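J.: What follows is the residue order along each chain.
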Amino acid sequence: MSKLLLSLILLISGQSVFAHAFLETSTPENGATVDAPEQLVLTFGEAVETMFSVFELHPVDVPEDADSDALAAIANGLMTTHFNLGLDSVIETTLVTEDQNAEVVLELPPLEPGAYALMWRILSVDTHTSQDFITFVVQASTE
Amino acid sequence: MMWLNATLKTIMLTSAVGLVGLVVLRTYLFPSAHHNRGQMIFTWLFAILLLAASALDVVVTIRSILGYANAELVWNYLQNTRHGLALWWRLGATLGLAIFLSITRLPRAVSAFVMGISASLVLLTFSAISHAAAMGGRPEIALDWLHFMAAASWAGGLVMFVIMPTTLIPSTTKTSTTTKTSASKTSAPHNLVLTGMNRLSQLGLGAVTVLMLTGILSARLHVSRVNTLVTTSYGWALLVKVGLVLITLMIAAANRWIFLPAFQRQQSLSFDAPETSSTHHPLIRALRYEAVLLVTVLAATGVLSTQPMPHE
Numbered sequence: 001m002s003k004l005l006l007s008l009i010l011l012i013s014g015q016s017v018f019a020h021a022f023l024e025t026s027t028p029e030n031g032a033t034v035d036a037p038e039q040l041v042l043t044f045g046e047a048v049e050t051m052f053s054v055f056e057l058h059p060v061d062v063p064e065d066a067d068s069d070a071l072a073a074i075a076n077g078l079m080t081t082h083f084n085l086g087l088d089s090v091i092e093t094t095l096v097t098e099d100q101n102a103e104v105v106l107e108l109p110p111l112e113p114g115a116y117a118l119m120w121r122i123l124s125v126d127t128h129t130s131q132d133f134i135t136f137v138v139q140a141s142t143e
Numbered sequence: 001m002m003w004l005n006a007t008l009k010t011i012m013l014t015s016a017v018g019l020v021g022l023v024v025l026r027t028y029l030f031p032s033a034h035h036n037r038g039q040m041i042f043t044w045l046f047a048i049l050l051l052a053a054s055a056l057d058v059v060v061t062i063r064s065i066l067g068y069a070n071a072e073l074v075w076n077y078l079q080n081t082r083h084g085l086a087l088w089w090r091l092g093a094t095l096g097l098a099i100f101l102s103i104t105r106l107p108r109a110v111s112a113f114v115m116g117i118s119a120s121l122v123l124l125t126f127s128a129i130s131h132a133a134a135m136g137g138r139p140e141i142a143l144d145w146l147h148f149m150a151a152a153s154w155a156g157g158l159v160m161f162v163i164m165p166t167t168l169i170p171s172t173t174k175t176s177t178t179t180k181t182s183a184s185k186t187s188a189p190h191n192l193v194l195t196g197m198n199r200l201s202q203l204g205l206g207a208v209t210v211l212m213l214t215g216i217l218s219a220r221l222h223v224s225r226v227n228t229l230v231t232t233s234y235g236w237a238l239l240v241k242v243g244l245v246l247i248t249l250m251i252a253a254a255n256r257w258i259f260l261p262a263f264q265r266q267q268s269l270s271f272d273a274p275e276t277s278s279t280h281h282p283l284i285r286a287l288r289y290e291a292v293l294l295v296t297v298l299a300a301t302g303v304l305s306t307q308p309m310p311h312e
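Heads up: the protein sequence lines correspond to chains A and B, in order.
Sequential numbering from 1 applies to the first sequence in the numbering used here.
Sequential numbering from 1 applies to the second sequence in the numbering used here.
Check before you lean on any hint, since a few could be wrong.
What the hints assert, rightly or not - Derived DEER-like restraints, expressed as beta-carbon distance ranges:
1) 66(B) to 77(A): 19 to 25 Å
2) 216(B) to 34(A): 44 to 50 Å
3) 139(A) to 216(B): 51 to 57 Å
Stated by the list, open to error - Far from chain A by the CB rule (all over 12 Å, computed), these chain B residues:
4) 51
5) 92
6) 99
7) 192
8) 259
By construction, these hints were calculated from the structure, which means they are not laboratory data.
For clarity, every value in this text was computed on a predicted model and none was experimentally measured.
The C-beta atom is built at its ideal place from N, Cα and C for all residues, glycine as well.
Generate coordinates for the entire structure from the input sequences, incorporating the hints supplied.
T.: This is the structure we're talking about:
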């Protein structure tokens, strides 16, 4: 029934209702604990204008016993206080992806063990902007 | 910032639809009518508004991402983004269309062909950076384009038709107020208006058919959850737009099957004081309501295009 209703609405409006440049998958996954990654791969639901999107990797200070929810809460606050302000604490990354692409690849420098938040504000090809972040923890090398 | 964005989008949509309306008026509704300065003023007003709002939209978009904008960034943006590429095409197509709309001595078939292509290109520059374009590939863009062309032809043609009797062909309508002694002079502009009304009615019917077909195909491509319609700003804006379209469709149906036949009967019975009887006829009033509603739908579409879509 709901699909019928939505079909009727779309029929009249001609609009595509459910799409946006939201993150679909990432490597490492959001909240994951991993060995130091060499690159970050973000896959969005729509093609992104990479030249006019901002990606920043920030180290996050968290208590040792903090879980992924606590890490996300701290990163959410950092998004307001640290993102896109040209701070020295931003870890330099290299954007590999060019032009318009739904998959964005960032090359990373060697990362120390600890928690990190990758924040972004992206422009999708339909000129909409959106911002979000993922967090991950780099564990100490076991070698 | 969001309202500035929505205002710019509405100005762009309205101006583009206005240009399409002038093409419809010139090539389909009144191909043999006199073209005057009023039409020229509308042409360049719409063209300048469309291009100025498009340029401002670039600055607003860059600022929304980076927090600032300068000439170098704008130039980079215009050269390296799909939005920028679409705007170059929009600039060329809009200027071309405005120039051809300003030329009055071209052969009818040539001007119809060139203006049709230019107007289609102007609309394509919107579809190429629409939600549909972001979601998928060429089928989605083609559907959006067809949908927009049908809507623009209907809305633009209707709005220009409503404005037309007092501004676009004054030299013909004013002669209709003369005395009964010049019966042939009196009937000429009325035949012109009646023919235009019939064509507008046919155009509306065709446009609604295309809107329904493209809507069905869009629904098959994009149908998903319904609850976000009432839980997001995008969903509410969409519902308002759909409500306005439904009301417009009802008025359009009444015009097509009730008021237009009545108007034709009345006009065929009497040529007495034809302009007075025309402007006060329920059909003319209903057409004005329909035009106002369609412009409101355009404004709703402008707001809609700035809303973040629900996260699936």
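J.: Confirm or reject each hint.
T.: Status of each hint after checking the structure:
Checking the proposed 19 to 25 Å range against residue 66(B) and residue 77(A) shows it holds: the Cβ atoms sit about 22 Å from each other. Taken as a hint, the range 44 to 50 Å holds for the pair residue 216(B) and residue 34(A), whose Cβ atoms sit roughly 46 Å apart. For the hinted restraint 51 to 57 Å between residue 139(A) and residue 216(B), the CB-CB distance of approximately 52 Å keeps it satisfied. Listed as a non-interface residue, residue 51(B) keeps its Cβ farther than 12 Å from every Cβ of chain A; the least gap is roughly 17 Å.
The beta carbon of residue 92(B) sits about 20 Å from the closest Cβ of chain A, which is more than 12 Å, so the claim that it is off the interface holds. The non-interface label for residue 99(B) is consistent with chain A: the shortest C-beta to C-beta separation is roughly 28 Å, beyond 12 Å. Separation of residue 192(B) from chain A is adequate, the least Cβ-Cβ distance of about 33 Å exceeding the 12 Å criterion. Look at residue 259(B): its CB is around 23 Å from the nearest CB on chain A, clear of 12 Å, so calling it non-interface holds up.
In summary, this structure violates none of the numbered hints.
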